[in-house]
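Which chain is which? The protein sequence lines are G and H, in order. Heads up: the first sequence begins at 1 in the numbering used here, then just goes up one per residue. Heads up: the second sequence begins at 1 in the numbering used here, then just goes up one per residue.
Hints in this document: simulated from the structure, not taken from any laboratory.
Cross-link-like lysine-lysine pairs, in silico, DSSO-like; alpha carbons within 27 Å at most:
#1 H:396 <-> H:408
#2 G:136 <-> H:396
#3 H:403 <-> G:136
#4 H:408 <-> G:136
Looking from chain H toward chain G, a few residues come up when the C-beta cut is under 7 Å (computed):
#5 39
#6 40
#7 41
#8 42
#9 43
#10 45
Some chain H residues well away from chain G (every beta-carbon gap over 12 Å; in silico):
#11 233
#12 350
#13 359
#14 403
Just so you know, even glycine gets a beta-carbon here, dropped at the ideal spot from N, CA and C.
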Amino acid sequence: MRKRDGNPKTYTRLTHPLVRDSREEPFRRASWDEALDRVARGLERNRGAFGMFSCSRATNEMNYVAQKFARVVMGTHNVDSCNRTCHAPSVAGLAAAFGSGGGTSSYEEVEHTDVIVMWGSNARFAHPIFFQHVLKGIRNGARMYAVDPRRTATAEWAESWLGLNVGTDIALAHAIGREIIAAGLVNETFVERATTGFEEYRALVEPWTLSLASKVTGVPAAAIRELAHAYARAERAQLCWTLGVTEHHNGTDNVRALINLALLTGHVGRYGSGLQPLRGQNNVQGGGDMGAIPNRLPGFQDILDPQVRRKFSAAWGTDLAPHYGLNLTEMFEAMEDGTLRAVYCVGENPAQSEADTQQAVRRLKQLDFLVVQDIFLTRTAELADVVLPATASWAETEGTTTNSERRVQRVRRAVAPPGEARDDIDILCDVAARLGHRWEYPDAEAVWDELRSLSPVHHGMTYARLEEHQGIQWPCPSTDRLEPSYLHGRLWEPDPARRGRPAPFGIVQHDPPVDMTDENYPIRLTTGRRLDSYNTGVQSGGFASPLRRGEYIELSPEDAEHYGVVTGEQVQVTSRRGSVTAPVWVDPALRPGLAFMTFHFPDEVDTNQLTIEANCPIAGTAEFKASAIRIEKLPVATEVPPLTRL
Amino acid sequence: MDLHFGDSKPTDDERAAVDALLGPPQSAWEGADRSDQDLRWARGGRAVRERRDLLLPGLHAINDRVGWISPGALDYLCRRLTVPPAEAYGVATFYSLFSLRPRPATVLHVCTDLACQAAGAEQVCAQAESRLGPGSGVRIERSPCLGLCERAPAALAIRAGDPVRTAVAAPASAASAVSAATLPDAAPQEPPAAAAAPQTSGSGPGRDRLLLLGRVGVADPESLDDYRAHGGYTALRRAFALGPAGVIREVTESGLLGRGGAAFPTGRKWQATAAQPEQPHYLVCNADESEPGTFKDRVLMEGDPFALVEAMTIAGYAIGAHRGFLYLRGEYPRALRRMEHAVAQARARGLLGEDVLGQGYAFDIEIRRGAGAYICGEETALFNSLEGRRGEPRSKPPFPVEKGLFGKPTAANNVETLVNVLPVLTLGAQAYAAIGTGRSTGPKLYCVSGSVERPGVYELPFGATLGELLELAGVRQGLRAVLLGGAAGSFVRPDELDIPLTFEGTRGAGTTLGSGVVMAFDDRVPLPRLLLRIARFFREESCGQCVPCRVGTVRQEEALRRLAERTGDAADDIALLREVGRAMRDASICGLGQTAWNAVESAIDRLGAYA
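Just chain G, with the same shape it has in the complex (with noise of 0.2 Å):
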């Protein structure tokens, strides 16, 4: 039988402005002067309620501009992007601990390390260039371990694969740590040197046993043991994770729980020794780097910081409030008691991206004004008052980005964006003109050059020098030298005041997820993402896969036996807030009671509906890991044979 053709939706490019004046009416193609004008209109009669969705996909320098039309034109903080739906939970753990939200390591450092230890990732098909690199690593000689639910493409690369419970991580890692400590692994030099709370961390994990992590893990003891034993025993060690740690209603405490194992064991500040998130989008942590969250200013800093904020203010010409703004997930929650009414949505789908999709899209619909600024009419744009065609972030826009390893790149103008689409930095230059602030930036390098008069970590990057050193990590304070690789090198430094702070243990508690599973609702669903597609799916489905099938429910051959399914065979699943049908797919490396699927096709099945919006309280994130669902074989006359589904 011939594959389903699983190639989900595609989209065409904007390539003009569209407008209406009801949500009622369809768009109508309108000139740039009237939807501006609109955009101005709208924006300035919710003025005290605005916020703006910056975008993880589009350059630094668009970044710095849409939170700076945000501080300055709108007088708000209001400002975040997607990073809250995968990683603030890294930022604000590694911020906690170190002061800085980025991964302590780079790529390279991968290639030379003895132990790699991949927690919740399964890199291989989510983060497939990172893992050349650890493929890499491993042809060089290291050991890599995998802490997942599933047997991934990448646990299938390990020494060792653990597969956990969901929503057990800090079960485990305390009985790694202290198996570490019964062991005598400790590496008692950067504890006593770099590190406070220990004592307090010794009695936290006491009672984490191996036997007791087994029961609630589900890992053998053996299992637990190998990996603490190889991780502290190892001169050096990387620390990766990506969404199976930051994705849960506890996501920061996740965080925390594994930066614990860096600190005991002093895994972080060195060569080859540090701690990785693996962020999920081209510019992730250059959105952050930006400004384009509500609590830190461009270059990571503190707004509350009296000192940054007359800084800021000088250069801006403008008051800033001392106060933090709302996050993504507070604006949602804003939007529903009506003190939110417009949102500036730029390259963002949060109708589709957000958990619990149903009521993110109750809430946009709910908002006086919503323009939206994407190169696609995606879910969201279909929700607006304005749409305004933009460039693509690459291959049609001058800037920069920064990956992972805080690498700061030049992406450069290949070819003519399409129609009529302009690029992002000059269309918040005209909306911020007409609502009375004339911005002068002649192109992306001149913005560049504002952001690093003002960031000291990106000081020293010029265009010149990014070009010349093919990309240059953060921070760069000086424009002659190069910083080392690695961050928090400051921690093994024997003179205390060029030590700095030390970097406290994080006391959290194992706090299982929030939708629970019971006779109801008895399986556990997790999501993730598969290596053909990526995120919603808009700006990959356009491109065919040979090893796309598109969305189905992923079950263990043995539960699809108890429910008499069979692959291809449609099916309900419902979770505590929703219903959908998909086909099924009988996967092996997942094990009873354990489900599988991904957001990629929201189109055809919309995954979120059955996700919770269970929201970690530091960072925001949803627990779009856990959720706890029931299958459903539905009567035979209205299975849908899956070739009727192209």
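For this one, chain G is given, so just place chain H on it according to the hints.
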């Protein structure tokens, strides 16, 4: 590991064959039943990936058991070894002894190569085919040289099962070939190895002077005690007395040159390997004797297998290796049995293993079977084959002494070369070097076949002339041409019999000694058909990796076919042959392509073929 498996399942037989080699699977991920423990913890990584070199033995195990390699069997083997099935498919299809399509359990390989063709192989083949029709359970395959040229024409029957059975019919008639295929267990015993070495029969005056063949036909090839009673293991004792550096010094001073065809000084190769700081070092014995017309290594391994075990031990000791691989032609079942037996005996007596001869030196030998690929006689292709990859030659440098098997320093030597080390050590370098000529020292084995009364392996000191050798073998009347060095060698005329058989002498005469093939053809053999067979051989055996060889060998065969059938302009085709031949010689990666035109060129220029 990015392994994508199909839905095919192995049969119980296939699973048992793989498990017999690898042991039972350890977890569901390797193909066992799913257990709760498997779904919580999987081990793997380096230890598992490092078993890639067991791919070829695994393919043999399946092919031996069921006669072909089904998708389910291939999947199962790949799961056990964490090898992508697509890659394993590429490996399995590389070798002519394997089939990826169903075929009868019994395959009768009928040699249709040079010596056998001249001895009427086509007729045997045609008659056998008419008797063994489609329902006979036997598949007949025309084979390149089976290394039984002294008994041409030859046929080899292989019947899959547990255990796999083989039978040789040589010289083969249609009747003996058919009965070997249908009743392999009842086939008559092969003649003893000594029958292939005429000098060893009786007690002729030369008998005592044989250094390499001295024990053939005298010592029981299955008895280690008998081997030792005939002087065995005195060389190893001497080696331990000399120390590794001393052994290398002796071998260097003896002037021993490699007998595989390249004539590289063995002492220098060992010195270069021993000096490499990277560990471990490996010894590889190249027993993939596939040059058409060559069978001397087979006779040595069948007739005096312990000599090779001892010689490999000495070589391993000299270069600092603890593991030696013997890569043995897949078409040599008796040599395989003899060598397996000899290695097991040596191991049982402490002459291999953790503590050889109680000297604190650890060394062991693993025997790996080839699977029908001439190119695997090229040393770097052989390494790839051992590593479980397609047997495609590597670019050099780096040379094997730096990066050989598994990327480690490796000395690769031919069987005959290694066996020469024994007299080097027992006689001493000076006495050994006194044999032969100044630049080609020691004794040399020649594989004489074709139009002679007494075909077989002959041992003569370097320097004897071609005429003397042919006289010894009883050359028949009407000699038309002599092929020196095999398919990769070249033809000489009957009036050139005074060519001295030394490396420098043959080179001076514009020909080559190669692996010691001396094949005589009388005037009844149609030269164009012979050349066409040589061209077909190279076309079939080209690994296809580099363009000059892949395309050139095809064009060469096409042109020779037109010449043989007189369907083109002969002058044009000869000009084309020269151009293609030059391109292959200049630009091919390895010796196969570089020499694929040699014999044809010599036939045109020396013999006046097509004139």
